[in-house]
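Visitor: Dock chain to chain to rebuild the complex, using the hints, since each chain is given by itself in its own frame.
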Amino acid sequence: MIDADVVVGLEVHCQLDTKSKLFCGCSTDYRNDGPNTHVCPVCLGLPGTMPVLNRRAIEYAMRVAKALNCTVIPESEFSRKNYFYPDLDKAYQVTQYDKPLALGGYVGIEGDDGKERRIQLTRIHVEEDPGRLVHMGNAERGRYSLVDYNRAGIPLIEIVSEPEMRSPKEARKFLNKLRATLEYLGVFDPEKEGSLRVDANISLRGSERVEIKNITSYKGVERALTFEVTRQKNQLRRGLKVDRETRHYLEARGITQSARSKEQENDYRYFPEPDLRPLRVQSWVKDVKLPELPDARRERFVQQYGCSLNHARTLTGELKMANFFEAVVAGDGNGLCKLAATWIADTLAGELNYRSMGIDALDAKRFTGLLVLLKAGTITDKSGIEVMRVMLDERLKGETVETPEAIVSRLNLAKTTGDDAALLGAVHDVITENPKAVEDYKAGKNGALNFLVGQTMKKTRGRADPGELNRLMVEALKSAEQ
Amino acid sequence: MAVHTINFEPDDRYNAFLKVCAKPSHSEGKLAGIAVAVKDNISTQGIETTCASKILKGYVPPYDAHAVGLIKNAGAAIAGKTNMDEFGMGTSTENSAFGPTLNPCDTGRVPGGSSGGSAAAVAAGMVRMALGTDTGGSIRCPAAFSGIVGFKPTYGRVSRYGLIAYANSLETIGPMATNVSDVSLLMSVISGNDRKDTTSYDKPYAHTPSADIKGLRIGIPEEYFGKGVDPDVGTVVRRAIARLEELGAVTVPCSIPSMEYALAAYYVICTSEASSNLARFDGVRYGPAADTKKSWHAAYQDVRKQGFGPEVRRRIMLGTFALSSGYYGKYYAKAQVARENVRKDFTRLFSDVDVLCGPTMPTIAFKFGEKSDPLSMYLSDILTVPVNLAGIPAISVPCGKVQGMPVGLQVMGRPFEDERVIDVAYAYEQAVKP
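Chains as they are written, first to last, in numbering that gives the first Met the number 0: chain A, 0 to 481; chain B, 0 to 433.
Looking at chain B on its own, in the form it has when it is part of the complex (with noise of 0.2 angstroms):
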């Protein structure tokens, strides 16, 4: 197969890379000649893959992500590594060791996050299309905060393989993009079957976007227009709503009674998980080592004290005690109960209506240091997380502006009803085009 080159040399005035490759090669296929960024959480051969972190710092990982060697074998050209809340955890993209990224329809506020370089790069017309990764709204919250599309697969529809490990039951990479078309475009090459991830599907995605949804039923659960949620976003949210029903669909008024708990239950989870999968940033094999002649437990200290950022330090604490014996049962067990009644209730919602919408974010993108305490950072995840606690599909696309910033519709279906999420998106998004 014949190899060609591009020339890349965006103007990242935005900070949104973390490395650019700037002559990236690229094959034949469905992707020919795309520049394609790619998150820097999910590892590329031969270039370095940080996750935003000083302790993987000059880490080259040895190995393709299971969704990159498909988007190469597809033709893309890798445009580079893009910056990220430091391993996904963070809702602006503050949290990166190696700065933020400037949102591009206004550079005084965050892009959103933890994907805020590959939203924060497509917004501003760098590449075409991104990958992502979407834990508790990685993907649909930058999406909605920078104006672009974002789509979060059904669990399992995408490979994890290669995606370094945050919270491996909430998490899945998937498509960013500036229209549906291209997120779809992009979704069919990632998706399908990998034997090195037992927990994906034999599912692949092989879908023209359409634009009729007559009939189609749609959940207005009340929860996503209520307490925390700006009026303004929701009022922008409700007209987009009702274009869709302009378009033929019907809406149905509902509740998620378990999304009080929803919140709750992410974040001991995927602190829980975080805890373990990044035990293993230690300073032996990779990264930055300890300099010191300390034992190995003293220098492991050390390593992790210095490497990682004060969110990763805070959320690792929280994950370490909610496993400890005698409060594992309290916190862990728990949350795996909410989770499940996050579950049931979304599969009751499902066996009445097709597909639920409301705002992907409950505000528009905030101003640099806005949101400076933990807890409120937290909350801004509240109409995301639910999606990644259930596993089902999930997709942001702009609907309309708050303050000339970006507001986003979200669209969330059954499992594996992935093209129905993505037909709902492009009806609206054809319905409104200028």
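Just chain A, same shape as in the assembly (with noise of 0.2 angstroms):
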């Protein structure tokens, strides 16, 4: 959908991968652990407690940065961002405000006119998480929440977009490649529960502008705004306005439904955090260094291994991928690039996505052999798939995960040739059985020979090379005849 009235700015939320939190020692690994284990005075906002910078999270904020072209500033500040919560222990949140860490930069997509656009960034800024609030009890029984503040203190990097896309699926591929930069830079764990978090802004032409606090999934980001873009264009059609707001997303439902009017009235009383000196990076961040990043990858997939654009593309939009494919190609010494393109990025990504599985639940190796028996004509594309499945369910299952060769001898899955016996039986046996077919293949209706060749793949399983059958067909066709 491009729709030239839709803007759409975003403001999005990283944690990065650090071992320790943002101003304490305390763990980041907290997500198999129960409540408040991650926790000391300092995370826990106790009173006397000062903070104290992790070198680390500003090293990782600053690869960020760079790698998205933004300026860093020699010289940025921390302030506090002051607001009463129960998951906020000081009840302020150390952040950046008036002096970020870096200003400007871009992220270039692909945009829905298919020309690369680059969606121009305002800031980035580092902040520290805070807890999380565990809502217990229902209506019956009383409700009450408890604070679990093993988050708190967790780094985060703020990127803020300027409202230039176009349309909710603009929005998702800003996400999609900022998520394949963050996990190329080795700073972010896009499979971490709640490590991406996003506020969307969404205005039509026009009208108001409405903020979506809060989507935690990139799948997300785009149905709530699909849903507000619909939303908002029914309030204009009925000669409505839209409210200035902001608004919750409702992931189970996928709606948006308007906050509370109090929790915009916030005045965050912003001033510079007093424990905390400026920071400093202006020798510091030259030495931050670079590893190949998407773009470039890209390109090389197409230079290196001869991929088309949009297998490249998807190739390198995440990490594991790219690295699974590199894997499988061994540097192209196997000459098997464009087989694996079209299989990894087609036919492995819809298998993966469809099991909700991640690529590393693969080995490159089998995948390798998987292609050699393709390349070979040993099986046909249509056995390679089902060998695929059968690796991936056994994986899925916990089961050992066989050879593909392994797989082909037990399923019998190797392709059939023209003189197989059973092959030709096959054939046979189809045209006996469907006298009327034939009787329309001899009337000229060319969509007979599809069907009988199509019941004799089904009697094959998919082993005979379509073209072979096909040939094999027309010629049994002619005999009968005569």
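One or more of the hints may lead you astray.
Calculated pairs, DSSO-like style, for lysine-lysine (alpha carbon to alpha carbon, straight line, at most 27 angstroms) [said to hold, decoys possible]:
#, chain 1, residue 1, chain 2, residue 2
1, B, Lys293, A, Lys80
2, B, Lys329, A, Lys98
3, B, Lys195, A, Lys80
To be clear, the hints were calculated from the coordinates, so they are not data collected in a lab.
Guide: What follows is the structure in structure tokens.
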């Protein structure tokens, strides 16, 4: 959907994948542990404690800023954002306000019109994550909430874009590109729950801006925005105006809902954090090194492996997929590039997605083995898919994953050849069992041949090469005619 | 290391202590066996720390302030926690939620504040030394009012880790004692870099006071003897400065024009920071919880309304206002400009003179209830707050009496020249020693 009237801006909060928290030595690896087990006087905000800045977090943030072409500000500053909420132990969040770490920059995406677009960034700043509330009870038993401060003090960067995306889909692409970049930089783990949270601003041209708060999934962003576009258009169609407001996205129902107006009235009373000195990075920023980034890798995949642009974009869109591809083709020592690109970007990606599996579920050597069988013509494409599914399902069930060769042999998936008696037998059986179709074929109905070939395919469970089978079927029908 | 205990059973008729540790243990070291009282806004592991506020009643810190750890390691015995103005907000110790401390020199008068409990404990001879904290004069004022020595170090020279923040950019922990040598000794233990306080400096204090001040240039700012300063106090202090001249120092009249705005700037900055620092006291993690089934927002209001005293509430509201959008530029930002001007004035003066001298407080200790309106109380901080705005070191040393009450001579020095400030006080103290 290209819609000239839609304007979207995003504020993306990403947890930086450091070992310790932003202002204390507590471990960030809290997800498998009980509540309030990764806490200390500092991240509990106990009276008298003071923050000590984690240099690694700043290093990571500078990597992101450089990778996204931002200008790193030589002297930035931390500020306090004051508000009351039970998950906020100090009743203020240490963040950056008028002197953020980095300004400007952009994220390159493929726009809805197919052209490369640069979505400009406003700024990137560093801040601490608050704790988390767990709501308990229900209407009958009395509602209460528990507070877990394990998350309190996890380093976050907030990346703020200009309102330059023109559709929910572009917003999704922006996020995908951002995620890939952060992943390549080694500063972010997209698989950790809640590691990315998004606030989205959306307006229809000439109408008020609506903010959707705290969307926690990539898909959620596109869905929430799509819902908002429809809702706002309906409002305008009915002659109503769109209110400037904050809305929450209800993930389970796929809708947005107006937040209580009270939440919008916050005056955060920002002022510089007196317990931290200004952050000076001038001499440091020069030493921050960047690895190969998604765009560069995409270009390399096109150049080095002859991938199509689309395949290269998909393959490099996730670090693990790109690594998997390169492991499979082994620097193209095996001449499998084109086959690998198609099979990984198109087929495997879909099968993994269907099973909600990550690509690391699969062993690259096994996959190379499968491609070798396909390239040699030992199995058909259809059998290839079956072998892949068997391997994925075995992994999913926690069983030992067989080699492709073993699966082909066990399920008897080797491609049939022209003089294969079983194949010829199947052809003749189909002709005998379907006299009506044979009549139709004789009468010149082309669809009849496809039907007969399809029936034979079924009998041979896809082992036959479709072209070969077609030829055999035509020959058999000819001889039956004589 | 051997661990010993001492008996500490003071006759606390002045309400100096909020908590007495009857048999404190101690180890060996520079302060071996010396009972040190600790102001109740400095965290002490396992010992209730309330900041003299109901809102922290029952709070027992799980960790020691850096300075407390240092004095323990040096062999000191923690004698107890001393009374103070709630969260350090006051000049008289009348703002304690647990009753005022009395001045041992005259129990009808305040001991000064906010470190009034520490000052009284030292002045009455209950302990040899105490830790206080100084945000706008809270060590020097009670030292002057109670007739002891109180030292406010250069900002950053003593770690603030564990000091329950009232106004972070202004305050510091510092030593109090009956004489300059003990102040110097305690300072040598608590100073130095602390990785947990990144505003601290790696400038340990390792100094033995010297009474040689020949050729020292002393600036005498006219504002310290101007409007609002009791002429009798001025006379006593001038006499003390004359004594320093006799010891070989040279005096130079000077002026700090920025002082006109110093007090206003100070109260904007300290209340702004306080409004943020004290926001965490909500009854969720420590202190008395809300006895209510209300929503969290309403419960917070109940806890904070009941838990904070009137002066604390006043300052939180002032600071909240000063930081509000639309007012920030008018108040907080302007106050920072005024603060910078104070710094510049001191820098200018210190290019010519080595130290500045004047009274610590414009008057002697007031009678209880004498300063009933907040503004007149705030005005009594006029001679101490410039030091905090500039972050420089300053000491108050007893220099005589007016109406039988002690008067303090204040010596202010260049940043990180704490040693020189202490030497000047020591020279005076030695010269007048009976």
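Visitor: Going through the earlier hints one by one, which of them does the structure break, listed in rising order?
Guide: Violated: none.
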